[in-house]
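Chain residues, written in single-letter form:
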Amino acid sequence: MDSIALSRQMLDGDKMIVNMGPSHPTTHGTLRIILELQGETITKATPEMGYLHRGVEKLGENLSYQQFIPLTDRLNYCSSIMNNVGYTTAVEKLLDIQIPKRAQQIRVLVSELARIADHLVCVGVNAVDIGAFTAFLYLFRQRETIYDLFEMAAGQRLHTSFTRIGGLFRDIPEGFVPLCERFLVECEESLDEMENLLSHNPIWHDRTKGIGAISAEDAVNWGYTGPCLRAAGVPQDLRKAQPYLGYETYDFDIPIGTTGDVFDRYLVRTEEMRQSLRIIRQVLDRLEPGPVMIDDPKVALPPKEKVYTRMESLIHHFKLIMHGMDMPVGEVYSATEAANGELGFYIVSDGGKNPYRIRVRPPCLPIFSSFEDQVKGGLIADAVAVLGAMNVIAGELDR
Amino acid sequence: MAELDINDAVMTTRLDAVVNWGRKNSLWPMPFGVACCAIEFMSMMSSKYDLARFGAEAMRFSPRQSDMMLILGTITNKMAPVLRTIYAQMAEPKWVISVGVCASSGGMYRTYATLQGVDRVIPVDVYVPGCPPRPESIIYGVMKLQEKIEKESLSMRKDHIARFYDSLARQESIQAEKGLTSQQTIREMLMDAGERGVGTIF
Amino acid sequence: MVIEHIDAQIPGAILDRHDFRGDQTIVVAKETLLALVDLLHGEGFQFLVDITAVDWPERPNIQGGGAAGRFDVVYHWLNLASQERLRVKVPVADGATVPTLTGRFKTADWFEREVFDLFGIRFEGHPNMKRLLTWDDFPGHALRKDFPLDGGDVFCMEGCTAPYNNGERGGE
Chain A
1 MDSIALSRQM LDGDKMIVNM GPSHPTTHGT LRIILELQGE TITKATPEMG YLHRGVEKLG
61 ENLSYQQFIP LTDRLNYCSS IMNNVGYTTA VEKLLDIQIP KRAQQIRVLV SELARIADHL
121 VCVGVNAVDI GAFTAFLYLF RQRETIYDLF EMAAGQRLHT SFTRIGGLFR DIPEGFVPLC
181 ERFLVECEES LDEMENLLSH NPIWHDRTKG IGAISAEDAV NWGYTGPCLR AAGVPQDLRK
241 AQPYLGYETY DFDIPIGTTG DVFDRYLVRT EEMRQSLRII RQVLDRLEPG PVMIDDPKVA
301 LPPKEKVYTR MESLIHHFKL IMHGMDMPVG EVYSATEAAN GELGFYIVSD GGKNPYRIRV
361 RPPCLPIFSS FEDQVKGGLI ADAVAVLGAM NVIAGELDR
Chain B
1 MAELDINDAV MTTRLDAVVN WGRKNSLWPM PFGVACCAIE FMSMMSSKYD LARFGAEAMR
61 FSPRQSDMML ILGTITNKMA PVLRTIYAQM AEPKWVISVG VCASSGGMYR TYATLQGVDR
121 VIPVDVYVPG CPPRPESIIY GVMKLQEKIE KESLSMRKDH IARFYDSLAR QESIQAEKGL
181 TSQQTIREML MDAGERGVGT IF
Chain C
1 MVIEHIDAQI PGAILDRHDF RGDQTIVVAK ETLLALVDLL HGEGFQFLVD ITAVDWPERP
61 NIQGGGAAGR FDVVYHWLNL ASQERLRVKV PVADGATVPT LTGRFKTADW FEREVFDLFG
121 IRFEGHPNMK RLLTWDDFPG HALRKDFPLD GGDVFCMEGC TAPYNNGERG GE
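Residue numbers (my numbering), protein chains in the order written: chain A, 1 to 399; chain B, 1 to 202; chain C, 1 to 172.
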């Protein structure tokens, strides 16, 4: 904000500096982009971030491993459960424990629901920025059903903190599966409606085709992951490439684009939503009864009935809460395919109750850092479209 | 006589009652959407919870055209001067609802980077706790604000708004004098307020 | 495995290695970093996943490189063809600099800025070595172990004044 006064003196008559953000209707979340314009063409774009930097990594060093789970919720707040799953997978890798089968299946189920929720917001908001408001309203109706499902399972709509180290918070209740089945049907219809509105719409084509195109080599060099990378033509999806949680047993496809422009990203996201519905269908078909938490008193809290009646369970409960888990000394990096790309957690443990260092590798940071390359030479309206398609979530970007 | 003819079409009341009635039923929100609470705000504006029935449908992202600022999300120390600038640009009468615990008190982020409550830098009228608050809670907060507006008096300009503008002038003078960024200036003003035992900088 | 390749092509570069939970880690000195990066790029490790740092204030702080230093700058690479991951750690002393990778990998730009912001480690040759997450004259580097969690913010501590009643303490 303060460097603009200096640069004003250096401009000649035709150029103009426009500041987008940090409070702006189209910067979803707080970002700031300083655009230098020649007429309406962008000659330079400097993105700035950090307006939502809350100090999560530093806070993690002062909290125990379990206490960090609610903080992970608030990273990518459009699909909170995927952050929980990513983090607990990393801690489970550090501890070298295996979670029960049912817990894995339910984690896949809620991850895919969260992925659909994230893509709904991304596509809806991208459409709103470009001017197509109706799609947003239709899509948000489906998001409300997903919220109902999450609330049934975890008690909270948005920040669920559903997973625990070693499994899940609790099992899904009885009404979950019927509502989920109804959701599968309704969501499919909603996606059809949305595609009717947008996919063959000439205005949508004009606004999104060719805008923000990126080649596959550039995308890899910039560190892109997720739908933006796949739209550029690189078939990298951690669910297929380095499967976790049993993803290798499910039958699904990875949509790959060609040009990496905004239209391709929209198509990739829409198709990913359909593939997620396919995965959820398979999970519901093969969901088997069983425990959802590992039976290891050194890692998981014992059930309350045992805590109140048996001495060892009481002691285990006390030890887990007061002294934390027995962590090995070492470091791990574990990545999952979140809605935006590769969400990585790098955890360094020195054996103590709190992690020595937790690092969250945000998928949208490299994507946002390439913003200038994407919009240079374009118009402001294109900058808005590109920003929407990048799906920059400030909670994850700034932590 | 003329009075008898128009009897049914005229109501008599006090000026401030009717002005407050008009103000409270047409609050135009300015969503200062920053983090997760903005997603619950989006839910609230869509058809299931529908803020439009309270007259607050016209979302204006420009501070000049709105009268109620909803602070949705964590305000960090880096964002604090921006928030003050935007609040200063709003025309009076203006109200602020701080939505969520992060905006109300810093939430779970007791760190170097998070402002411990937005009421330390701007005046707040209603606090809505929750992380994030359900859309019904935010609507309840708007209703509470409507009740508060009903009881306001027209003649007295609000003291805290005047003090806010004083603090903005002080901030600018300290910034010019010491050559700091606006964020660092606010930090210094906060530390100074803390030493004096006062919770806010205005 | 790529580590054997590195040993063959740049002998003596690897100061330490370990394999923990399936993660391959090597420790190299910062002088050999650029040569190593070129080698990795040729081997197919063209995806730089992450750059971060860890602060070990207990380790002896040796200026001018060497096997110990206060910070560990940690790089993660991914080979898209073979899906192999590699972690490279470079010990850096407090006040020393590390060569930048922005020439080869555009993704390094903001990651290195973040490491500078949070740890104070400078990267020589970086085109725009400015803070990323905090503001320009933020006092200190936030993720260092000697930086307090509340950063000196008076209101973070217990018993702070609440701003109700327009700033006066309640009940006095």
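Keep in mind that the hints were calculated from the coordinates and are not lab data.
Beta carbons are placed, not taken as given, at the ideal position from N, Cα and C, and that holds for glycine.
Mixed in with the good hints, there may be bad ones.
[Said to hold, decoys possible] Dumping the calculated DSS-like pairs for lysine-lysine here, alpha-carbon to alpha-carbon at most 27 angstroms:
| hint | chain 1 | residue 1 | chain 2 | residue 2 |
| --- | --- | --- | --- | --- |
| 1 | C | Lys145 | A | Lys44 |
| 2 | A | Lys93 | A | Lys209 |
| 3 | A | Lys304 | A | Lys101 |
| 4 | A | Lys93 | A | Lys298 |
| 5 | A | Lys353 | C | Lys145 |
| 6 | C | Lys106 | A | Lys44 |
| 7 | C | Lys130 | A | Lys15 |
[Claimed, not checked] Derived coverage of chain B by chain C (criterion: at least 3 residues anywhere in the stretch with Cβ under 8 angstroms from a Cβ of chain C; other residues may be distant):
| hint | segment |
| --- | --- |
| 8 | 54-63 |
| 9 | 185-196 |
Among all the numbered hints in the text so far, which are the ones the structure does not match? Numbers 1, 2, 8 - these are the hints that the structure violates, sorted from lowest upward.
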